[in-house]
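Student: Spelled out, the chains give:
Number of protein chains: 2
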Amino acid sequence: MDADILFAGGVVVTMDARRQIVRDGAVAVRDGRIVAVGKLEDVRAHWSAREVRDCGGCVVMPGLVNTHTHLPMSLLRGLVDDLRLDVWLYGYMLPVEREFTDERFCRVGTLLSCAELIRSGVTCLADMYYYEDTVAETVAQVGLRGVCAETIMKIPTPDAESYDESLDYAQRFVEKWQHHPLITPAFGPHSIYLCTPEILHATSMLGLKYDVPQLIHIAETDLEVRELVEKLGEPPVVWMQKQGLLVGKMLVAHGVHLTDAEMRLLAERHIGVAHNPTSNLKLASGIARVMALRGSGVNVGLGTDGCASNNDLDMFEEMRLAALLPKGVSGDPTALPARVAVEMATLEGARTLYLDGEIGSLEPGKWADIIVVNLDTVHETPKFALSDNNVYSQLVYAAKSADVRDVAVAGRFLMRDRELLTIDVPAVQSDAEAMASRIDRFLAAREENLVDKIVGIGGVEQQETFEVQVKVRLPDERALRHLLGHKDVNVIRESVRRQYDTYFLFDDPDKGHVRYREDNVIQPDGSLVPRYGLTLRGPTVERVYENSVILSRSRFSAVADRSLRFYREYFQPDRIKEVNKERRRWRVQYKGVDFEVNADRLFRPAYDDLFLEIKSRTWSAKDALAKAGLIGEMLEIMGVSSEQIVRKEYVDF
Amino acid sequence: MDADILFAGGVVVTMDARRQIVRDGAVAVRDGRIVAVGKLEDVRAHWSAREVRDCGGCVVMPGLVNTHTHLPMSLLRGLVDDLRLDVWLYGYMLPVEREFTDERFCRVGTLLSCAELIRSGVTCLADMYYYEDTVAETVAQVGLRGVCAETIMKIPTPDAESYDESLDYAQRFVEKWQHHPLITPAFGPHSIYLCTPEILHATSMLGLKYDVPQLIHIAETDLEVRELVEKLGEPPVVWMQKQGLLVGKMLVAHGVHLTDAEMRLLAERHIGVAHNPTSNLKLASGIARVMALRGSGVNVGLGTDGCASNNDLDMFEEMRLAALLPKGVSGDPTALPARVAVEMATLEGARTLYLDGEIGSLEPGKWADIIVVNLDTVHETPKFALSDNNVYSQLVYAAKSADVRDVAVAGRFLMRDRELLTIDVPAVQSDAEAMASRIDRFLAAREENLVDKIVGIGGVEQQETFEVQVKVRLPDERALRHLLGHKDVNVIRESVRRQYDTYFLFDDPDKGHVRYREDNVIQPDGSLVPRYGLTLRGPTVERVYENSVILSRSRFSAVADRSLRFYREYFQPDRIKEVNKERRRWRVQYKGVDFEVNADRLFRPAYDDLFLEIKSRTWSAKDALAKAGLIGEMLEIMGVSSEQIVRKEYVDF
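Chain order of the listed sequences is A and B. Taking my numbering as reference, the numbering of the first sequence is continuous, increasing by one, and the terminal residue is 922. Taking my numbering as reference, the numbering of the second sequence is continuous, increasing by one, and the terminal residue is 922.
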């Protein structure tokens, strides 16, 4: 009979039900599907092919299935690494995505990722990103097989102002791609914590309606799970089960911190997990309990996650790590043998995507998604053939993605002899480098300029440009009492605070400095109400008057809703300084003009004297000058001499 | 001035004290040493070179330092994996090494490993193996830099009957290679558990005398440490300190299970640790506490270990794992940033080998051990340049060994454009494959033939070929008492035992079966003295007589000094069966001929009746026939009818 292609010779790793390995084997392909697998001489006896591809010295096996990735993020590869998850995400990934993610970004990033995937033997991927129509179009055009999910979140995304928009987009997207031979459209509710229950119910219903997969991140980090348990009262998968959300073709990404009960629920519902060992290590999420998952009957596929957290899309590395980690963690060297790692990367991965009837093994009737891996390399020398396990060992413990020679999807060659046939690689590389240069410039400008950096994390207010202020050192409180009791001074309100300031200082004087303040207002009953604020002071232009100072500088303030640690890593100061004090604060009017009067007792650094500050802020230079005059009058009322005036800020003490 | 080579352009990663990274940099080399490092235009202004090597789009960096390996073991790559450490070691590695390791094996294996090391960017390695003179000669000839240690153990090794021989060999070896420009000879006391204190004291003294390194495995596995602590009364490094053994240029391989106190001792003595993350995971030794080690001030280098436990020699994978594991284990994504992983793979590795004055960074005066890594690849696209960290990220999280383009040691190119210049790779591959075929055949024959397999683990005795035996089923003990009281029967000795037999059965009848017996002799005071025995019965030829059976078969017995679990995994039976019984045993003489009489009560499987066995063994077929006659007479004495005779063995019940 006539076939289109005959993969002839080499070791055929079928991954069929009996896990047959055929040495001197062959695979015949017709109309994109496999028509025969067996010994070369047997297949040759029945099939003649237009193209005979010599695979001597190679392994012929099912293409690898990457069950979790974010394709366009290859454009952010290696941008910033080795940072706290929140600094990495809120400080860099989200701001850059907000600024740069559009259809062109998704197209270039997807092309780049597809090139890398093909070069490392992947024939099927599961993606979650934005502008998924562009992603799907690109994947299909390249000729890869993909489960493509439009990401839906409760917060605004690069392609939607609200989740209603995302849901509409996703639904149109699923309808458009529903019957494509290569693309399986899907819904991508990001996670429980970034979705509302309404979103999860909607994607659940839509997933059932269109009979398409739903991809969702669950239990990636310990913190996520702890916060959800606190909010929902139970582990996330248990909650989903009770909400009726564990339905349809779901796939859980990560699943690092699942309980045994959750594993059983997933197993019962035939819901698989995409295991991303490199990403889970690199982002310090932990090591997923893969032995327990598979022991519970959960199908576990392998994924690379996005390039920003990996930093590549190399499924051979994921196979190796998937096999190595359970051994090191359990102390049992027989844990997760090489054969199982290959299963996870092929048939079991296909099963988590509900595609195992079509791909994942080399069997007649399935799509011809086939890769050829060259074993005639130094690092695969010598090759033993004591048992079938030797082949799995060769693939998992020694093979490298660069050993993949040919890749075909549905019988179409996407790579031959490591040459990509459907992607113009130099053009994609040049587009990607140009985009990286823009991102580099954007971030470099932001890094240089603390204003942009603080704006980058959001929720920042710019304050009045001019500050008028005087600070005096007093042996006791008499002068202060005299001022507050003066007929021209009207006290509007007063408070007592304990203020712990941490200053981030920079060697470059143009940078200004950042102050993180924990401001504890002491209540009448003695209790403390803390507030956390962040203030950026830009470089200062000073004008010193006889009795006061007028400062002109940019000043930004924000509620500090992240930890001191976060800001420290985000701003990367050259030096850090602490100033702690007790402050009594009065809002006063002097001759009808607003001023702030602070009486500070510093305990770090410690001083016996009292420091008195009179301050005001304004947008107007002229107004600043007038206020400086009023401050001078107040100093006269107090009878303060000019040598009592302190011209340094506390941070410079 | 004149230089020999100018590495021109690209990003120069110096690893100097300031960790300078020079974009558009250059490195000039003369007489094997670096003479200039800096901006290309600056270096060009002062140096003209015979060869200008364009490194645009690449990283130019110090060659990688592999601080722990066993070069010739690449010939055992992927032979057997995913087994218990003891099965792997005692069942396969040691028997194969005993059979195959000779000078030729070491030469071919070293060439193969060197080819792989050069292709993955290694310029300096630390080896421990046998026939180290051959290893050193091969390394030097290839042009790599090596610290080569002859392995010394208390047990016989492939190149020495006793440790005195090894010590003599090692001393001659060190004297011979002492002043070689590429080779640093060293002593390799294997480990505390495989050495005697005398060996450790001797290598220590010799190390000091010749001022050469000592390489030793310490704290690789938890079991090793627990056994040593039990034996020595304290953790191994503490014991070594008290013994005065922590002297000279020592390097500890693995150090997975070191205590904080041991880390402090190593730091004080400036003794480094070779960290082998892949091997430690694969053999399930655990995950070394690298953050704690470095935090204590211990220098930590990276190593691949031998190919049999890795299964490759890819230092890029070790760098990546070294950076990833501490994050996943600690939950801190800032743990061991990429820069530190590169340090460990270069300068810090050199420091553990006491070679940091000569290599490990690109600085004028050091040897020109330089590699060029191509970053113009799909998986390194795009490249950001926000900070120096981007380059380290590119090298650690995305670069692959296959990206290494050029390798030079002492200014001599060993690889250019991925072509090896000092090794005939096809010849080495073909030699290695031929050797692998021999090993395959050796093991396959052993696997088929349980005799060879049992001999493979040593300490086995072959027993007499012929067994004459009869087994009868008795309702009570009367017949037995009659026999033992008969005038022609002389009871030599008797005992009572409780026997727990586990039979390993095979579908292939040619294989025979293996019995693991726990034989508890019940003492007069009621206590049990257990003995563990292993018996292999080869395929049987049976001749059935009227009253007895003569069996002709090979029969091997051994003290079973390993666990049932070990043997189960080693023999890989198709089925397992348990037989438990209480046995009273008499050694008797009937008419002056020795027989064994057993009265057995089976409780698993359980039978009410008593089973009586009369047995004898002999090397002679004629003798067997005579003994069958005597057994017939004894049955007559007991008045046993032929239907009481049981023709099955207990295992077949």
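Honestly, I wouldn't trust all of these hints.
The list treats identical chains as interchangeable, and a pair is accepted whether it falls inside one copy or across any two copies.
To be verified - Capping the alpha-carbon separation at 25 Å, the derived lysine to any residue pairs in SDA-like fashion look like this:
#1 K884 - I791
#2 K740 - D693
#3 K860 - R287
#4 K511 - E627
#5 K511 - L644
#6 K860 - W508
#7 K308 - A713
#8 K500 - G600
#9 K478 - Q512
#10 K860 - R495
#11 K308 - S706
#12 K884 - A895
Read the hints as simulated data drawn from the structure, not as lab findings.
Student: It remains to establish, for every hint, whether it holds in the given structure.
Tutor: Going down the list of hints, with the structure as the test:
Taking the shortest alpha-carbon separations for K884 and I791, only the intra-copy value of 22 Å comes in at or below 25 Å, while the best inter-copy value is 96 Å. Within a single copy, K740 and D693 get their C-alpha atoms no closer than 66 Å, and across copies no closer than 80 Å, so neither meets the 25 Å cut-off. Neither within a single protomer nor between protomers do K860 and R287 lie at most 25 Å apart by alpha-carbon distance, with minima of 93 Å and 59 Å respectively. When the C-alpha separation of K511 and E627 is checked against a cutoff of 25 Å, the pair qualifies neither within a copy, at 32 Å, nor between copies, at 66 Å.
In this assembly of identical chains, K511 and L644 lie within 25 Å of each other by CA distance neither inside one copy nor across copies; the values are 50 Å within and 50 Å between. With identical chains, the CA atoms of K860 and W508 are never at most 25 Å apart, being 62 Å at best within one copy and 82 Å at best between copies. Taking the closest pair of Cα atoms, K308 and A713 come within 25 Å of each other only across two copies (22 Å); inside a single copy the shortest separation is 59 Å, beyond that limit. Taking CA atoms no more than 25 Å apart as the test, K500 paired with G600 passes between copies only; the shortest distance there is 23 Å, against 36 Å inside one copy.
Taking the shortest alpha-carbon separations for K478 and Q512, only the intra-copy value of 18 Å comes in at or below 25 Å, while the best inter-copy value is 75 Å. Proximity of K860 and R495 under a CA criterion of 25 Å is satisfied in neither setting, with 55 Å inside one chain copy and 82 Å between copies. Taking identical chains as interchangeable, the C-alpha atoms of K308 and S706 lie at most 25 Å apart only when they sit on different chains, with a minimum of 22 Å there against 52 Å within one chain. In this assembly of identical chains, the alpha carbons of K884 and A895 lie at most 25 Å apart only when taken from the same copy (13 Å versus 121 Å across copies).
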